[in-house]
Structure formats: structure tokens, C-alpha cells
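Student: One-letter residues, chain by chain:
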Amino acid sequence: MLHVSPNAATTGIAKGEVLLSVENVSLRFGGVKAISDVSFDIRKGEVRAIIGPNGAGKTSMLNCINGFYFPQEGHITYKGVRRQKVRPHEAASSGIARTFQNVALFKGMTTLDNIMTGRTLKMHTGLFWQLLRHGPAMREEIEHRRKVEDIIDFLEIQAIRKIPVGKLPYGLQKRVELGRALAVNQTFGTTIALIEHDMGVVMDLSDRVVVLEYGRKIADGTPDVVKADQKVIDAYLGVAH
Amino acid sequence: MSAVTSSAPKPLLSPAVMATLKVLGVFGAIALAIVLLDLPDLLVQTLWEGLVAGVLYALIALGFVLIFKASGVFNFAQGIMVVFSALTLVGSYEIMTQRMGLPPGTVVAILAVIVAVATMFVLAWLVERIVLRPLVNQNDIIMLMATVGLTYFLIGFGEYVFGGNPKVMITSQLGLPVGSTQFNILGGRVNIQHLDVAAAVIASVMIAGLAFFFQYTRIGRALRAVADSHKAALSVGISLNQIWVIVWFTAGVVALVTGIMWGARSDVSFALEIIALKALSVLILGGFTSVPGAIVGGLIIGIGEKMGEGYWGPLFGGGIETWLAYVIALGFLLFRPQGLFGEKIIERI
Amino acid sequence: MFYRETGQFKTNYADDMAIFPIRQDRIGIAIIIAIALILPFMVSDFVLKTILLPFLALSVAVIGLNILTGYTGLISLGSAGFMGVGAYACYKLTTLFPEVNIIIWIFASGFFAAAVGVFFGLPSLRIKGLYLAVATLAAQFFLQWAFVRIPWLFNYNPSGAIEVPLRTLFGMPITGPTAELEVKYLICLGFVIGMTWLASNLVHGRIGRSWMAVRDMDIAAELMGIKLLNAKLMAFAVSSFFCGVSGALFVFLYLGGAEAGTEFAIRLSFLILFAVIIGGTGSMIGSFFGTAFIVALPTILKFGAPAIGIAITGATAEKIVLMIIGALTIYLLIVEPHGLARLWQIMKQKLRVWPFPY
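Residue numbers (our numbering), protein chains in the order written: chain A, 1 to 241; chain B, 1 to 349; chain C, 1 to 358.
No lab work stands behind these hints, which were simulated from the structure alone. Only true hints are included.
Only pairs whose alpha carbons sit at most 27 Å apart, straight line, appear in this in silico DSS-like list of lysine-lysine:
| hint | chain 1 | residue 1 | chain 2 | residue 2 |
| --- | --- | --- | --- | --- |
| 1 | C | Lys-348 | A | Lys-107 |
| 2 | C | Lys-227 | A | Lys-79 |
| 3 | C | Lys-128 | B | Lys-69 |
| 4 | A | Lys-174 | C | Lys-227 |
| 5 | C | Lys-227 | A | Lys-147 |
| 6 | C | Lys-10 | A | Lys-122 |
| 7 | A | Lys-147 | A | Lys-122 |
Based on the sequences and whatever the hints tell you, model everything.
Tutor: Next comes the structure, spelled out in C-alpha cells:
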């Protein structure tokens, strides 16, 4: 899942306008083309799904948006600005957060510390006060602790606050991960790009759907349109050659 | 769409060619420095010494690469295994001739080699049982620390059993040539130790032998399979544990050969530890998984280090050999983080 | 029975975020510090000289390496080199500016080590994990070479060694041959308490969390907005700072002088790494356990074994120490990767429910 842009007030982009657009993006690993010439856009406030069979290039697409991979061709425009090479931490600070297909928590840290890590971008006291752990550093720590506790209450994970997440069962880990992603933006009602295999989930949730197959876009539109598309049906059900 | 799609410029040369060019560049720079300094006698002698040192570094790195490929373990102890095996050889020779009263000579020397080889096998077996098996699938830093622990243990054990005094390698008893010959080449005079020639020849034969073993035997195929993918190898019925013992044993034998060569050039003692560690810089250069990388890297480090010491050492007050190898390796690393011949890692998330 | 947190409610986040949130722990720490303060007057000079002083001096370096290896997941084999930077920096500073108090210079020498540490940490920009570990060997051997070959560092002393000059605090000698062992001990103790306090503040805050995030999963850490290079270089700087102060303490308050480059050899780097593993990676208290182990073991073997009738020479004891430390490191990595600190936690957990088993 990808959560984009914290709030409209700072972006100056109204709901429904294009927030992020992917233009003719191609990505190669050596000789293997993971994505070829894919374009689509994500509008402010919508739930946008990217679906496709295994190996269709969904995760690679996400990694491009996220700054893990740099596409060899094409551009990604975010909030009206064409991005050059963007590092993941820059993407994070511009408001793009994500969860992973597999749990990507900090296993040796407690639930509380994991979610607190999500607040890193908003914490600014320097080394000096951090060393003393008094004054501004402590005030900042408490201020963010309060916000994190709101998230902990919301997700009902109070009891596991101080347990290292590596010891938690999968379901709870996923919840902590969601908590951490929420801590980054702290607003509900963000734009969400959803990546899923499960067609049912996608069709119920999303406003618009992009379908990828073998790195190419084969369909784009509302769930009903996409569901009826012959190419999509072939991709999912297979077709006799 | 107004977006201008410009195709990314394709690299003119493949990475391997680029790497080779970089190596040649360094050699060129060294050669230029030499021509400018115009010291042919010293040059040829230094080049030769660098080459021999390079072969020995390459051998240590080779043992390391074998283990890293097959078990994914960064074997920090490989250098110490060189010293340990040489110490076992000389130590058991001493014990047999001095305490057990056997006549000194080639027969006992061969017996000592057998003892040393057997010791390396036992070591490989014990390492697999005690260290690798319980730690399988741990992250690489944990494995590295475990082999640092092994290093310490082997130093303590070796000194405990054979004493801490430096020992003399049983060079002539093993039938290795001694003495030296003067040559005139490249307009300079060079003094070549026969032993060094033997070392270079034996190293080449051993590398060729290993290559043959890997390429054409059943065990070799299994080893390559394991190196490629543990899981896939397991699924076709290859026993990982058995492979690990074989690989550690092979690395142990490589270590023994290296130890004999090395010990013949200087005494055998754990003071060699420092030199053994330098072989690690070869790995940075050559990549952890590449046999050609180990060889080329070893030669670059050996020659670069001897040249650096010979020509630039005096400018710095001498002794720069202790760290020059690492600096050379780090310099390379800035241009090719995955080593000369290593493959570029694509991170998947 | 005595170790219960029942009834201790926290009514604000500051209390809950305290480093010792449980009252009994705070009392325990107070008692330990009180014992540490009177200890030098209770034990023989021999124990003071061979165990307590090296323990205190080295524990600072072990905390330093633990910050780098245990908290940030970067392995360094150059700790002894960074300790050397601290020692030589302190020596140069106090001989160039003898009027400034030595306590200030010991602390300041940490900054020099930190700068050198950052320089050698720069390759972490391009390289990771195991490659970086080998790169730190470059620091170790280069620094060791510099200590021998740059005569300016030891003030052109013909022997190549540095000799610690006499320095005083409030008119009392604290370094040099005439200083009392007890005084040296108390100065060391002051540094250890202060540095430990700073370190635990740091690891419990934003910076500490970003280190652990980098350690546990660097790509996810980057997504949280943590700049990997900053976090890693900060870890190198802080870690080397601690090593530097430790090195200054080691030479000025424990050894009284240093042979040319031999004190800060690779073996010491290994030893510090083993202390981190044995004590427990990512644990402050573990750093002390680990240091105590590596400092006390040789002495106990060398002098304790003959006392109970086991004939053992000093040289043999040294070899056995190597074997034990090596084997124990492997053993702990297999059965208890969190080291002695984990055993300590288990004990506390048991105490919490005592006299019941669960």
C-alpha cells in the first residue's frame, strides 16, 4: 500500500486533481524489462489500485514511485513537479509512505519504538540535547509520544507497547506496520495506491484500477470497466494460444 | 503527450571490460611512475617480489572465496587457517623427530603432511558440526563474528599445542628447491629464489586442479549448485552438510599449501596473522564470490603493495606495506562497490 | 517479593520514558554507584591495578563499539585504532597546552577520535556490511602505523613511546607515576558514569531509534525519512568519540605510558568486539558484563588457578584465555545472541514473579 500526500492544505492540490502522474516509465534490470512504457495518474483523495498477475511489475512500479529504483525511461511527476532522481527518504519527506508486501518492521525494536520511528521526520532537536535528554529533546519526545499513543489506541495495541515486534505474531506485526505508516502522515483520508493480487478486495475498495501484465499496462479505468475488459480476463484466467 | 522520452545512453563497454581497463590503468600508472623514476634493477626485483606475494594473497583469497560461495560465510579465519595448518605441519614434524625419535627426512615430512591434512579435515568437520550447523540462516554479520571467534580460538589452540615460538619450515625435507639464480631481463638484474618459482608453479597447478574439480566432477557440480542456490540444491538431493565439510576441507588444504610456501619465506608463527589479514583486502578488490577476482586481486595487491613500499614508502617513513593494501582496495571500491568481478546486487523488497 | 513494579503507576510520559522506570532499578543503580565509590578503599592495589582500572577504561570503548555494532549494526575492527587516536591526541594536547586541566583534554581527545572515525566511516556511503568490516581494518592498520612512524605524535621521544606527565586536579596528582591508584580510579569512574549516562540518553531518543532502524532494516528506515549516511556517520562519530576517551583513560590513568603502537594493535580491537558480543549487542549493561569478563578472565586464570593448586604458567594461561574467549564467543552467538545481558534480563524476570515460577 502506498499513502500519498498528507493533506490538501500544504499541497495546494484540490481533491480530484492529479497528484502524481507516471509518464511512459520503463525499467530494466540488465536485459530484463520489468516495466515497459507505462503511464497512469493518481488523483488526490482517490483509492487507486494497481493489479496484475504475479511478476506483472506491480512492486517494481511502486519501487519507482518510492525512489528505490530509477526508471531508465520516462518520468514521474509529483504535485506538479517532474522528479529527477529521488531517494527514498526524500520521497518519504514529500509525503509518500508505504507498507511492504512482506512485513518490514524493525524486528529488534519495541512496538512503541517502531511507531516512534515513523515520527523521525518531524523531530528536529540536535545531538546536544539528545545527549542530555532534557529540555527541548524531552519536550519533543513527549509531544510525539502523545501522537503515537493516539495511534496505539486507535489500533488497540496498548498491551504490546514494550514488546520487541520480532516476538509478535504476524497479524499484530501487520498492525504495528500500519501504525508506523500512519505515524508518518498522521492524517486519515489520504490518497492510497493499493497493490493487490486479490481481485475482490480491489474491486470493492478502489475508485480506479490500473492493470499490468508482463510490465505493460493492459487496462485502466473504473472497476466495472476493467472487470469487463477482455485482455484483463485473459491475463487472469489464461488464454489458449 | 509532450514528454520527451530520451533513451538512456548505453555504456560503450561491458562492465567486465571496464573493470579490466581500470586494472590496466592502475598498472599503467605504476609503470609510468617507474619509468619516471628510472630504477630498472629495483623495478624488476620489486615486480617479481610483488608477483610472488600476490600469488600467496591470491591463494588465501581463493580459500576464502570457496567457502563464501558454498556456505555464504565470510570466513575471517581463512588467514589464520594458513598459519595454523603450517604450524601443525612443522609442529608434528618436530614432535615425530624429536620426541618420538623418528629419523628426520622426507619420509617423516610426508607423514607430517598427512597429519596436517588430517587435522584440516577434522577442523572442517568440527566447524561444520559445531559452528555452521547451529548458525545456518543467521545473518552474515553473526557468521563473520563467529569466524572471528574461531580465529581467536585457533590462535590460542595452535600456540597451546605447538608453543608460541617461531618455527622454521621444513622446506628441504619436503623436497622444495632452495637457493637462487640471477637473471638479466628488461634491462635490469633480478635475483629469483627457486622456492618462489616453485610457489608460483604449485599455485598455478592447484588453481587449475580446483577449476577442473569444480567443472568436471560430480562433487564439483554439487558445489556449484550449492553456490547458486541452497534451496534448489537441497531439493535435488544434495547434502548441504556434506558439501560444507568438503568445501572447508578444500579451503583447509589450500591453506596448508599457502602456509608451506609462506612459511618457507619467513618463519612460521602467528605473527603472520597481520599478513594473513591483508588477504582480506584482496577480497574487497576481487569480490567475495569470484575466483578470477581473487587471483587478479591478489596480484594487484601484491604488486601494488611492493611497488608502493619500494618507491613511495621512503617518502612516508617506510612501513606503509601494513596498510597500503587496504587503501588500494578501498580506492577501487569507490569506483566499483561490488568488487572487480562481483555481480551488481539488485535489492528486492 | 522485593522486585515488584506493582503499584508504581506512571502518570505522565516523562516518567514512563525514564531510563530506569522501575523504582527498584533506580535504587539498585544508586547502590552500585555507592559500592563503586568505596570499592577502591576496600580492595588491594593489585586488584585495583590489574582489574578495576582496565575495566573502567575499556568499558567506555566497549560502549562505543556497542553503539556502532550493537545499535547500528555496523561491524568495526578498528576500535583499538580509534582508542589510540584519543590517547595520542590527549598526549599532544596536554604537552602543548599543559595549563589546561587534563580532565578537559581527556574529554576533548574524544573529538579528535570522532573526526578520524567519521573519515574512516565515509566508505559506508558506498559499501555495506562485510565490505565495510574489511574497510575498518584499513583504519586500524593505518592508525597503528601512524603511531609508530609519525614522531611528532610522541614528541620525538627516541624510544617511540609516550610517557604520561604529571597532571593535577585541585593540587592533587591524578596522572603520572606519583598519582594514587585510588584517585585514578575515581577519575575513571567519573568518566564512566558520565559517558554511560550520555550514551543511554542517546540510544533512548530519536537518534538511537534511527540507529536501530538502520540496523534492523535499512531500506525501511530510509522510508521513514532516516538519512542512512547521516545515521551511519553519526554512529561512527559517537562510537569513535567513546573509543577516543577510552584510549585517553587507558593510557593516562591505567597504563601510565604507551609503547609505540603496540598497545593499540588489532588484538585489542578483537577483544573489544568480543566484549560486545559476550556482554550482549545492543545493551548498555551488557557492555559492562562483557568488559568485566575479558578483563577479569586472564587475571583469574593466571593467578586464580595456581591458588587452587592447578599448575599453570602465565604464558599457558594467555593461550587458554584466547581459546576460552574464542569458544565462548561462538557458543554465545549460537545459544544466546544477546549475551550475558539477556541472562541478566531473565534473572530480573524471575525475580519479578518470585517466589512463583511464572
